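Undergrad: Spelled out, the chains give:
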Amino acid sequence: MTFALAMTALQADPVGIAGERAICDRRGVLYFPELRLLTVSDLHLEKGSSLARRGTLIPPYDTGATLLRLQAVIADYQPAIVISLGDSFHDGGGAARMHSSFRERLEALMAGRDWFWVAGNHDPDAPADLPGETVRELAIGSLVFRHEPSAVRVEGEISGHLHPCARIVQQGRSVRRRCFAGDGGRMIMPAFGAYTGSLNVLDRAYAGLFRRETLMAYMLGTERIFAISGSMLRPG
Amino acid sequence: MRPDTLARGAPLCPAGHLPHKGGDRLSSLISPIANAEKEALSAELLISLLQGLQGEKEGARSPFVPILLGDCAAPRYLWRVTEQPRLAEQNAAAHLPEPFLKWFAQKGWSPRAHQIELLATAQAGQSVLLIAPTGAGKTLAGFLPSLTELAGRPGRRPGQARRGIHTLYISPLKALAVDIERNLGKPVEEIGLSVTIETRTGDTPAHKRQRQKLAPPEILLTTPEQLALLIAAPDARRFFEDLRYVVLDELHSLVTSKRGHLLALGLARLRSFVPGLQTIGLSATVAEPDELRRWLVSQNPPGGMAELIVVTGGAKPEISILDSEEHVPWAGHSARYATPEIYNEIKRHKTTLLFVNTRSQAELLFQELWRVNDDTLPIALHHGSLDVAQRRRVERAMGENALRAIVATSTLDLGIDWGDVDLVVHVGAPKGASRLAQRIGRANHRMDEPSKAILIPANRFEVLECRAALDANYLGAQDTPPLVNGGLDVLAQHVLGCACGAPFRADDLFEEVRAAAPYAELDRPTFDRVVDFVATGGYALKNYERYARIRLNKDGLWRVSNPRIAQQYRLNVGTIIEVPALNVRYVRAGSKGSASRGGRVLGKIEEAFLETLTHGDTFMFAGKVLRFEGIRDNECFVSNAPGSDAKVPYYGGGKFPLSTYLAEQVRIMLDDRQRWKKLPEQVADWLRFQADKSVLPKRDDLLIETFPRGNRYYLVAYPFEGRLAHQTLGMLLTRRLDRAGARPLGFVATDYALAIWSLADMGRMFRARKPSLSQLFDQDMLGDDLEAWLAGSWLLKRTFRNCALISGLIEKRHPGQEKSGRQVTVSTDLIYDVLRSHEPDHILLQATRADAATGLLDVSRLAEMLSRIQGRIVHKHLEQISPLAVPIMLEIGKMPVHGEADDTLLMDAATLVEEAMGTK
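Protein chains in written order, with this note's numbering: chain Z, 1 to 236; chain A, 237 to 1156.
For the record, the hints were derived by calculation from the structure and aren't laboratory data.
Remember, it's a predicted structure, so these values are computed and weren't measured experimentally.
Beta carbons are placed, not taken as given, at the ideal position from N, Cα and C, and that holds for glycine.
One should not assume that every hint holds.
Stated by the list, open to error - Here are some chain Z residues pointing at chain A (derived, C-beta under 8 Å): (1) 55; (2) 62; (3) 170; (4) 174.
As the list claims (entries may be wrong) - One side only, chain Z facing chain A, incomplete, derived with CB under 8 Å: (5) 49; (6) 53; (7) 64; (8) 65; (9) 93; (10) 110; (11) 221; (12) 223.
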């Protein structure tokens, strides 16, 4: 898909990260048209069964739901490269626990493209019996992909881990949404998994990661992305 | 004897409880019942209006007529007086042991007829429901069977096995249990009984609970949650093996909630432990006593009922509506206009209890009263969000009669006796006739003295509602809500609790559960699905067999799969779900809380409200005007705000929707000009003006007005069905209007009316029958439209959260770790989305929809309304706003506008940025 076509068809906004143009998709994935590269973060597959092991029997459909959404974005962009930016599985045993039907669906998605599993804190090791290459981090052009944002500022770093969300108050009403958080230099991606919670970008966990003056939250709307200036954001 | 002296009579136990300081009054008169012969002369004059309307005269009656309805087949409301005239003293002698008679004699009292009646019924082996007004000595009546039986029991000889609990007393409030312990102790001591009485609540220290397990008291006073815990313990059957009676206080308030469902299941369990168990229910007057009678006994075989004793009479309350000199506002809920007049009433009385419907109204009224409190009268504030220590201080001061007035929300509704209240002021409309009666019962708390109350309508519609409620109270009408079927989420919790106690056989547990009245209609497949849910989550995708919480063993018994499950269960028991709230803590102005963390905690406020505040905003809380400084680690920091003007804590509308009964009364009043005479002149004028400019709806009609205003077109409907039903109707109508091309922009709903505004001229559309109003209001909106809207509605998500927590799908608490409200909210919303799209028929979604239909959405009421108004819609197309429409039009902008506007808000914020950045 060409850049212009992608912009109109997907109602997505272009952002610049260290000179590379990317699309923040409202479904929570980042696409680099020139590189035909799709990035998705914090899938947390098999979170349901992970909690079930400890007696919390939440619906076992999260893996299915997450894969279905992933399938839709991959169908739209047809990327040559997919990077899953860590915490792809909720725990180290997740891939082994995965229902065979889900495994087959995941493998079908992976077929015909380069697929990278970036190691996350939940899944430091390669997922059991799945294709794709497991890496600690990955550099492509001026971009660096890793799970946890580094404490030192790195231009062009794409990371996840923190599950950013943002909150604004308009007309006395509060709206909280998952978001991409970026300052033009680095970008932290929202969590993609069906059961993943989120943490406000103004939380202390993000201290020092962004240049406050240029911080933007790209909040996920139902139809499109909303780019909100950092000065409008509220904690909590 | 003159009737008026009789009417005042001589209460055995004033104040609704046993005699205690300040409440005891020795009587020069003998109990009315003891004087039955003399009363016969004056009985005609004393028959209450209620009896006159619903009963048949059958000989002479005292003002306190005990009525025993022994025969289940007898039609309801056939009032029958047993054995008239009756010599209560003889009767008392037959049923009361000697020490009790002596005690009564020493005090100069006689037992009341209903107390002896209840005792006799219990001694005959029957369960019984006692319905009596506040101050009738219900509590002593409830305990007499236990006390007399315990008095006659030989003491335990050394070496003899320890005896278990004899009587279980269950009340909805911890405080009530503590109150009873104090009040019961005194007569027990004076009569010379050696009966052990103890409380067991969430506040009871662990070592005491442990001791109670080993050496149980004879009478245990506790709450529904503690009962659930006790029956989930492995030794439950043995612990309760000596149980004779369960006394259930304030039964009318317990049965209508999920707590009542849990309690009903607990009772069923107790009955399976001790088949001969007797229950004694104590209740205020309710609309359908038979529902409670069935609730008290096993429904196996179906239809069984406890005996019924009704105490009628008592003095008619003196209730008035404030006929204000001031202008009664069109809209709003503050009743600020009446503050000086309320203050004057406080000055003229000893102690005034001021009831309001919401916490924010309480804060506002409190501020307003202090603004005019030139005599610095001790006026206090009491509501459930305040810090416990603060509440206890107010309660103590009230008990000592040190206060002149207390502004309170419903926390004081239940029967705790605090000092000598001689006036009840009800600010805002009462929303239900029964609720009004119960609140007014707080004044004096002696059933034979008239309670005095003043109603303060906050706006014009509330004047109508107060008038209707007042007429209803005089007629003795009751509009307590009907009982609903037991929740499946509660059942799931109970099933796990049973398994924690002892292994169970599904067949047996099903029979046991069906014996509980709320679950009498439960079918076996649904029960099995609940058990399946408890075991593995009950999903179509059988993925969790290996993680099952309970397992079916080869011997046909379900067992808990590991001890950790029982531990988790104990931490999550109960059906009360707290709204996520943050502590409100004082800090120095300007500090964001980093330096001075040591400030005092004032109480808790809902997160949802705090989220709308920005640094520097002011609001009222705990009787103070506070400045919002920030949120840090689950605490909200505030400082004292200069000045006294504040943004009030949000007004979420009345907590209780207008009852169906009162709604109908209001409609009847609008249609009946004769009744306008009782209304204040300015309100009657308002109605006349409406008849002139538009039309007043007939009692069964639905009036719809359309008119243009500004650059908008408005539709105002007057269904009078309560805010919840109107909100649901508003959601559905805007969807339909949108499809019809009316371009609706938003709506607001009050208890009385619904207003929708749009860009297109709706009036013209209706006249062209594109669509017609009957199409628009067709009942089919409750089909697909409702489903489609519900799916994404936050209302359903909130309901689902409650069901998920109660059913044990997710935990309220982990051992040693508290989850914050937000984490729970986020995850249940996500779970809801996933479950709905993958297994829409899951049992928990079924439970959620059932809750929503009666709860937040009030779909059932909306359905009744839509069917009632078929062919009865009256459309008035006006040039301009009508007088009746003014109140709701004034709410626009004050109340949150409903609609799926979240993205619109984001759009606004994003646009501002785009403009500022020059990208647009």
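Undergrad: Name the hints, by number, that the structure is in violation of.
TA: 9, 10
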